[in-house]
Structures are given as C-alpha cells and as structure tokens.
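Student: Protein chains in written order, with UniProt numbering: chain A, 1 to 228; chain B, 1 to 228.
Hints should not be assumed to be uniformly reliable.
Copies of the same chain look alike in the list, so a pair counts if it fits in one copy or across any two.
To be verified - The list that follows gives simulated cross-link-like pairs (lysine-lysine, DSBU-like), each with its CA atoms no further than 35 Å apart:
id: 1; residue 1: Lys137; residue 2: Lys189
id: 2; residue 1: Lys218; residue 2: Lys27
id: 3; residue 1: Lys132; residue 2: Lys164
id: 4; residue 1: Lys6; residue 2: Lys27
id: 5; residue 1: Lys193; residue 2: Lys39
id: 6; residue 1: Lys157; residue 2: Lys138
id: 7; residue 1: Lys164; residue 2: Lys6
id: 8; residue 1: Lys63; residue 2: Lys196
id: 9; residue 1: Lys225; residue 2: Lys89
id: 10; residue 1: Lys193; residue 2: Lys63
id: 11; residue 1: Lys141; residue 2: Lys39
id: 12; residue 1: Lys63; residue 2: Lys89
id: 13; residue 1: Lys164; residue 2: Lys79
id: 14; residue 1: Lys39; residue 2: Lys157
id: 15; residue 1: Lys79; residue 2: Lys63
Since the hints were made in silico from the structure, they are not lab data.
Protein chains: 2
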Amino acid sequence: MSKAIKYYYDFLSQPSRALWIAMKLGKTPFEDCPVALRKQEQLTDEYRSINRFQKVPAIVDGKFQLGESVSIVRYLADKGVFSEQLYPKTLEERARVDEFLEWQHFNVRLVCSLFFRQVWLLPAKGLAPAPKPESVKKLIKDVESNLGLLERLWLEKDFLVGDKLTVADIFGSSEINQMKLCQYNVNEKQFPKVAKWMERVRDATNPYYDEAHSFVYKTSQQAVKAKN
Amino acid sequence: MSKAIKYYYDFLSQPSRALWIAMKLGKTPFEDCPVALRKQEQLTDEYRSINRFQKVPAIVDGKFQLGESVSIVRYLADKGVFSEQLYPKTLEERARVDEFLEWQHFNVRLVCSLFFRQVWLLPAKGLAPAPKPESVKKLIKDVESNLGLLERLWLEKDFLVGDKLTVADIFGSSEINQMKLCQYNVNEKQFPKVAKWMERVRDATNPYYDEAHSFVYKTSQQAVKAKN
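Construct the complete structure from the given sequences, taking the supplied hints into account.
Tutor: Structure representation (structure tokens):
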C-alpha cells in the first residue's frame, strides 16, 4: 500500500483550513503535519525543503511536493482521491468551480486577507500598531464592495455553483469567516444572501468547519469579552 | 459541426494575450471577438450578458459562458481542444503548471499589474497623475522582489516546468513583458535566468507572441522617442 499523502497546514491560514475541511468531509486520506505559523515553523530550513514558498498549505506525496491550495485540490482530484461531489467532474460544473477559485484570489481573498492582516495579525504579533479608524473604514469598504459582488454575481442558488456544496464554497467562506478575528461579521441586512450562504456552508461541512475555525471563534470571543 | 468557441479579448490585457498566444500556438479553433478596453466596451450591457465580471478574457461555447483566464485554460483542456504540450496531462507536470498559475496571481501578476496601472494606464487615461519617483521606486522594489523569487524558485531549467514551454511560461511572461509600457525591462545582470527565459518564451511562441505584444512594443518605443 502506498503511503498516505502528508498534509502541512495551520488553522490560522484560510486556504489551509479550507483544504483540511474539504479533505475531511470528502474522506481524502492524509497524514496530519501541522506547521505552527505562530512559531514561524514555515520559515525553517526543514520546511523550506518541503515547500520552497515557505507557506502553508503544502502536500508531499511520495517524492512529489506541491504548494498552492488550489493546485493541490486539482492534483488530488486528478489522482482520484478528492471527493467528486466537492470538485465535480462534469465539464461545465467543474469549470464554474474553477472560475470561482480563480476569481476569489483578486476579489474575496485579496481584500479579506489584507483586512485580517492589518487589523488583527500584525498588531497581534506586535509588528504594527492597530490601524487608524479611517484606514479600517477603507479596508471594510473594499471588503464590502467584494461581498456585494458575491451577493450579486454568485449567489443565485443555495451554493456558489448550483444547489450543492462544492470546494468553492469552502474556500470562499473560509476567507470571510476569518474576519471574525477583526470583529467583522457579515451584516444580514446588507448582504442577506451571503449571510445565509455562510450558515449553509457551516451546516453542510460540520463538525469539520467548527473544528477548523475553533481558534478563530475562541480568539474573537475573547476579544469581545476583553472589551466589555 | 458544432460552432467555434467565441473568444472575447483585448491585447491590452495580459491574460487575454497569454490565452490568445496559447490558443494560436496550440491550434485551438476559436472565433475572434475583440472587446476594445480603450472604448470601455467591457462595461456595456451587451458585454455584461457575455461576462458578468465585465472583464476580458471570456469565452462563450454554445450556451456556456466562462470568465477567468486560468479556468478557461482548464475548460478547454477538459474539452480536449487545448494543446497537451502546453497544458500537460501527466499528473505531476500538470500539477506543477497549475502551481505556477495559482502562485503567479499574488506574486508576478499582483505587482506587475499594479506597476503597469499606476505608472502607465491611469496616467495615460488621464485618471491619475504620474506617480512620484519614490512611489515608482517602491513599485519597482515589489516587482523585483518577485522577479527574484522567479529567478530562485522557478527557473532551474529552460522553462518554468522542465525543458518545454507550457502555458505557465506564456502567462508569466505576458505579465512581465507588459512593463515595457512603463519603460521597465528585466535587467540581465540582476535577473539573468528571467531575462534569458523571457527571450526563450518569445522565440518559442513567435510569430504569435510579437503579434499579441505589438501594441506594447509600439507604444513603449513611441514613449522612448518622445523623450529623446
């Protein structure tokens, strides 16, 4: 029997969580290889020999090493070990999932990560002061302009691509949910479809969704308590 | 016989050029549907009904519409009308091409487009003044830090993925070549592998490469002449 694929990840990374949830839900067998970003383990020489980009997630399959979450999804699918429901085989459905996975980079991911980085990550690490209110406003404006696109262009049905959950939903929602660390929750009145879709994705992927987001939930609640 | 796939594009768009070169070189049959960005044709209602993102490139295949260049490559490959040499079928080779296509978004593409936008596009359209020298310096620094990654992490062999040209090379090089409009050329001494690779990609893809870049070449030379 061939050895299991090694999965290198950290739950503080959005694509790491998304891929972990998708693999758990879709029963892709893998060996757990956590990389603690808080200890900068991704910057060690040892990890560089696993992923030259020094980022998570990454996989090692025998002698083959691969980075970039979206390309990992495709590799696993081509190898036949990724759920066909989550990454469909039908030509047009797969293309639509691919279209989202490409589109999200410069839309959802770019703005959500920037907001997360400036408002939570850098201040929490002591690498930058908390941004000024006007900068936070600008970051939120950019996030919301993209949530608006999601609402208008992607959510005609229950999920991003039709009536069923796919890996597109897991990737998109993982980016958005992380903003809870910045005390940002999607406003149900402003973005009703996005808010309902986020709940639907959580329901369809639990218990893995909550497990992968436990750090996000715990830390964002602690921040609320500390303020009160 | 089924109708040809309609290809909507403009040579001012990096991914439009890349996909056009790859389709021409790989003999993918398509119907030419230029969309003049300079006339803002991408913002018309007519074009919105073709690509809801109102961006180029896009394809229409019968009743199916698709945006996002990288997902178009995969759709065409899955349909069997994209060159297997340019987008290999072998599991590991395809994964490495995919890894580059994902990696380039937040590396090559993000910094090169920003530089192009701030230094050439917005001033040329009269939408913003030419940036100050210190801003240009910062933009170049970001570009060069990513060219350094390309030099170190990707160019062990003649092309990005082994010894043969793939669609990864065409996409990457199209982003970098566009900076000629900002009078930026890759410095051979600073980035010898990148500079040689750029020439190699041009040679391997001509006459299509030069045809797709004719606007870039012409306009950047005019700018040099105007300065003299």
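Student: Identify every previously stated hint that the structure contradicts and give their numbers, smallest first.
Tutor: 3, 9
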